[in-house]
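The listed protein sequences derive, respectively, from chains C and X.
Going by the working numbering, the first sequence wraps up at 1743, each residue one higher than the last.
Going by the working numbering, the second sequence wraps up at 1743, each residue one higher than the last.
Hints were generated in silico from the structure; no laboratory data involved.
Since this is a predicted model, take the numbers as computed values, not measurements.
Keep in mind that the hints are not guaranteed to be accurate.
Put simply, identical chains are the same to the list, so a pair is met inside one copy or across any two.
Claimed, not checked - Listed below are the simulated DSS-like cross-link pairs for lysine-lysine, each with C-alpha atoms no more than 30 Å apart in a straight line: (1) 1686 x 1493; (2) 1553 x 1516; (3) 1526 x 1553; (4) 1723 x 1485; (5) 1742 x 1639; (6) 1527 x 1485; (7) 1516 x 1493; (8) 1542 x 1527; (9) 1693 x 1531; (10) 1516 x 1544; (11) 1516 x 1693; (12) 1521 x 1493; (13) 1485 x 1516; (14) 1531 x 1493; (15) 1493 x 1693.
There are 2 protein chains.
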Amino acid sequence: MRTYLDCIPCFFRQALDMTRITGVDEATQKRVLNEVSKLIPDFPLDASPPKMGREIYRIVKGITGKNDPFKKIKQKSNKLVLDIYPKLKEEIRSSDDKLLAAVELAIAGNVIDYGVKNSLDIDREIEKILAGAKKSSKKSFDYQEFRNALNNSGSVLYLGDNAGEIVFDKLLIEELSNILPDTKITYVVRDKPVINDVLMEDALSCGLDKIVDVISSGCDAPGTILDLCSKEFLELYKNAELIISKGQGNFETLADEERPIFFLFKVKCPVIANHTGFNLGDIVLKKI
Amino acid sequence: MRTYLDCIPCFFRQALDMTRITGVDEATQKRVLNEVSKLIPDFPLDASPPKMGREIYRIVKGITGKNDPFKKIKQKSNKLVLDIYPKLKEEIRSSDDKLLAAVELAIAGNVIDYGVKNSLDIDREIEKILAGAKKSSKKSFDYQEFRNALNNSGSVLYLGDNAGEIVFDKLLIEELSNILPDTKITYVVRDKPVINDVLMEDALSCGLDKIVDVISSGCDAPGTILDLCSKEFLELYKNAELIISKGQGNFETLADEERPIFFLFKVKCPVIANHTGFNLGDIVLKKI
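Generate the whole structure from the sequences, applying the supplied hints.
So this is what it looks like as structure tokens:
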């Protein structure tokens, strides 16, 4: 997906938010915005937004000297969701359609971003999403197609998105493994710290490695920019019979690909809503 | 009032909105954003936001070749509010406290921006504001102090803000003239087109010149930057016994001044809310 002009104000907003997380003073924050502004004239609109997201993170790291300012936030998000893991597991177990419940929860998890402060917040968000998912018209929710595609897939590549959310991914993966005990599932994390995106250490601390193979995409953008991915990842990507792509960043970088990709995310931004024709707030399970 | 880092994403948003109004293509819109981004590194945070607003408008004009892209929008706003002028007049006439009603309406008018599409929208907004004004705690609403100050003032300088809104200003000025027949009131417009701000032609087409003196501030920013104002305006400004300042732009440029200024506006932006301690959405009648 290309970058729209409406993304540009948002790049500055994201740069500012990221920089503030590092705790630097206002003058240093301004230096970050100055550097971002220098990139704007030459940034091509046919590049995907996460390409700029990667540049912004690089600037934030370079100027603030903090390599992984979201580390504590990521650890806390993981812990908060791990704490309610038994409850989420029970939610799925007691559902008429366990896979559907796990998918809905996995999308709920995409909403849990680093703004979430405590388990009460998470509880509220999950309730809201589950209630919304049940009420929603689900126009962009191709559950039956997803289920059919799963049954015909010998291998699934699961592209992770954020910390915290990874625990919801784990629940969905466990459900997939129950249904498809012979299918090989691989979970993919980012290669280096970028915002609050999942890294190998998150996968390990949340126990993903106990249930599936976990690999890095080789890419350090908040999305999956194929040009920046490792050979190992690209090999799996090319051969996977089904790809599950979590979150907006992966959608933005892979939406134009000709692969069997099901995108799972919540439409959190008006640019994506306009681009796709989905509604802001929609939960999406869709093969593009 | 200084510029905050949170204003920077908003500068790009405003530049994009303004440029789109001119109807130019995306490549030209991008050129505007490129030029704005070049200003960021050297823009001093101790300057007020309307200083950047002025620069952005200058860039939009320069690149699109449109000197007054908001002209039709301004004319339409004026017409829409002139159409309901008799109804507004009756609203004031039938109020227990006519001045209070006129002040509340004048602030309501500050909300009517160029996004308003028809008289139904305006009706709705006014109803909402009047209902809100009656309910609100009015913590930032020093009406009694304003009324007392008026009684002791031989001259009032009234700084206009937007087209459309100017008709509400007219209603308040008529009320002021009723109460204070001997007080000299001067209405101030911007010197040159800038966004949808009031110009001399708006004052003339809305009949302000029939009831008060109308002058230009000499300034072409979306606010009142004293360094850019004319001698004539500064003379009046220095000697006015009371100044009524409409809108956020005038507030941002005059908030730190040591003059008897009552600011009338609705808090439409979180930066101003944080800076002042007012709440987002508050209607403000306040001497700083």
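Here's how the hints hold up against the structure:
no., hint, result
1, 1686 x 1493, "neither (32 Å within a copy, 38 Å between copies)"
2, 1553 x 1516, "neither (42 Å within a copy, 59 Å between copies)"
3, 1526 x 1553, "neither (32 Å within a copy, 59 Å between copies)"
4, 1723 x 1485, "both (27 Å within a copy, 24 Å between copies)"
5, 1742 x 1639, "within (20 Å within a copy, 69 Å between copies)"
6, 1527 x 1485, "within (24 Å within a copy, 37 Å between copies)"
7, 1516 x 1493, "both (16 Å within a copy, 22 Å between copies)"
8, 1542 x 1527, "within (24 Å within a copy, 59 Å between copies)"
9, 1693 x 1531, "neither (34 Å within a copy, 57 Å between copies)"
10, 1516 x 1544, "neither (37 Å within a copy, 59 Å between copies)"
11, 1516 x 1693, "neither (32 Å within a copy, 49 Å between copies)"
12, 1521 x 1493, "both (21 Å within a copy, 26 Å between copies)"
13, 1485 x 1516, "both (14 Å within a copy, 27 Å between copies)"
14, 1531 x 1493, "neither (34 Å within a copy, 38 Å between copies)"
15, 1493 x 1693, "neither (36 Å within a copy, 42 Å between copies)"
Figure legend: structure checked against the earlier numbered hints; hints not met, in rising order: 1, 2, 3, 9, 10, 11, 14 and 15.
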